[in-house]
Amino acid sequence: MPPWEVPSDQLPPVAAVQKLLRALADPVRLEMVRRLAADPAGEASCSSLYEGLNKSTATHHFKILVEAGILHPVMVGSLRGHRLRRDALQQTAPGLLDALMGALARQP
3 MPPWEVPSDQ LPPVAAVQKL LRALADPVRL EMVRRLAADP AGEASCSSLY EGLNKSTATH
63 HFKILVEAGI LHPVMVGSLR GHRLRRDALQ QTAPGLLDAL MGALARQP
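Heads up: the sequence shown begins at 3 in the numbering used here, then just goes up one per residue.
Treat the hints loosely; a few may be bogus.
If you anchor each label on the Cβ, the simulated ranges turn out as follows [stated by the list, open to error]:
1. Gly-54 with Leu-81: 15 to 21 Å
2. Gly-79 with Ser-10: 24 to 30 Å
3. Asp-11 with Gln-109: 33 to 39 Å
4. Asp-28 with Ala-107: 28 to 34 Å
5. Arg-108 with Leu-81: 16 to 22 Å
6. Lys-65 with Pro-110: 15 to 21 Å
7. Leu-55 with Met-103: 19 to 25 Å
8. Gly-104 with Asp-11: 29 to 35 Å
No lab work stands behind these hints: they were computed from the structure.
This one's a predicted model, so the numbers in the text were calculated from it and none came from an experiment.
Every residue, glycine too, gets a C-beta built ideally from N, C-alpha and C.
Throw the hints in and build the complete structure from the sequences for me.
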């Protein structure tokens, strides 16, 4: 396991709803989560989760999402990536992720 990958049992807990909403309020982070939610495996390489950002800015956004308990850093093949913590989010904030993804899907 790479040093930056956190074992599942050592992940931070999913944050309170206020912190979750603050993390998801940024359009870039919301798009990252939307792309992960749309992936059947719920995981993807970092570079496939954003466009038009430099790497340090993307890393900052990933850090906020990990600290809020939304993402889990993992290896995707030979690349760094993230996994959406769908089950943990559902336990902490039932329906939040589905409601957000549904609202995004209805936007023009």
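Unsatisfied constraints (hint numbers, rising)
Result: hints 2, 4, 5 and 6 break, sorted rising.
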